[in-house]
Amino acid sequence: MPAIDRRLTLTQSELPVDTVLLARFLIGTLLVRETPEGALSGRIVETEAYPVGDAAGHAYIGATKRNGALFLGRGHAYVYLAYGVYYLLNVSSEHAGVGAGVLIRALEPLEGISAMQRNRRLQDLRGLTRGPGRLTVALDIDRRLDGVDLCQKGPLRLVRDAHAAPEIGVSQRIGLSRETDKPLRFYVRGNPFVSGPKSLNR
DNA sequence: AGTGCGATTGACT
DNA sequence: GTCAATCGCACTA
Numbered sequence: 244m245p246a247i248d249r250r251l252t253l254t255q256s257e258l259p260v261d262t263v264l265l266a267r268f269l270i271g272t273l274l275v276r277e278t279p280e281g282a283l284s285g286r287i288v289e290t291e292a293y294p295v296g297d298a299a300g301h302a303y304i305g306a307t308k309r310n311g312a313l314f315l316g317r318g319h320a321y322v323y324l325a326y327g328v329y330y331l332l333n334v335s336s337e338h339a340g341v342g343a344g345v346l347i348r349a350l351e352p353l354e355g356i357s358a359m360q361r362n363r364r365l366q367d368l369r370g371l372t373r374g375p376g377r378l379t380v381a382l383d384i385d386r387r388l389d390g391v392d393l394c395q396k397g398p399l400r401l402v403r404d405a406h407a408a409p410e411i412g413v414s415q416r417i418g419l420s421r422e423t424d425k426p427l428r429f430y431v432r433g434n435p436f437v438s439g440p441k442s443l444n445r
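Counting in this note's numbering, the final residue of the first sequence is number 445, and the numbers go up one at a time with none missing.
In case anyone wonders, no lab produced these hints; they're calculated from the structure.
For each label pair, taking beta carbons as the anchor points, the in silico distance ranges come out as:
| hint | residue 1 | residue 2 | range |
| --- | --- | --- | --- |
| 1 | D424 | G397 | 35 to 41 Å |
| 2 | P259 | E422 | 20 to 26 Å |
| 3 | A282 | K441 | 29 to 35 Å |
| 4 | Q415 | Y329 | 20 to 26 Å |
Ideal Cβ placement from N, Cα and C applies to all residues, glycine included.
Assemble the whole structure, with the sequences as input and the hints as a guide.
What follows is the structure in structure tokens.
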């Protein structure tokens, strides 16, 4: 492993404990998926917070078989199957024993783009990782990665990267049937890889 | 053991 | 714009 990777991988202590702060913090950081064929990576450009006490959050009902990774303490992957079709990736937040997390909704592809194009069976760069179900296909993320520590060397990790502070937009979250009006979605204004309707991306 | 339901997407009218 | 696909899981009993 190159030493540079160890240096850049975010440590748990660098992550904000608070779910909403973490959702903002993750905008602009890199998500790196290590595969036998090489690294697939992208910059996080859209997130949603599912804080403690949020009735729309999967942890709201308490720890279960499915959502246990949300209770591992900040910086772990929580991966679940949505609609029986797509895997969605969350970064757990708060302290161990407290259930909450941040949904990763979109990436700007950086490394391994040709592999992502194969995984998605799609050439169009803009469509590769624009959306929470799409990015997991592009990066080959599924339930095998549930519970992985994103702050350690491994198959999936968070990496700090120097980046100009982007202008961050805030909106309600997408696709919910409850708690629909809370301003808990964060995105890079004007970034073409952000998902969602235009009305929420101003 | 049976039931109902999604933190989505792509295909189609 | 509408809508089906598809299945693990939580819940009821």
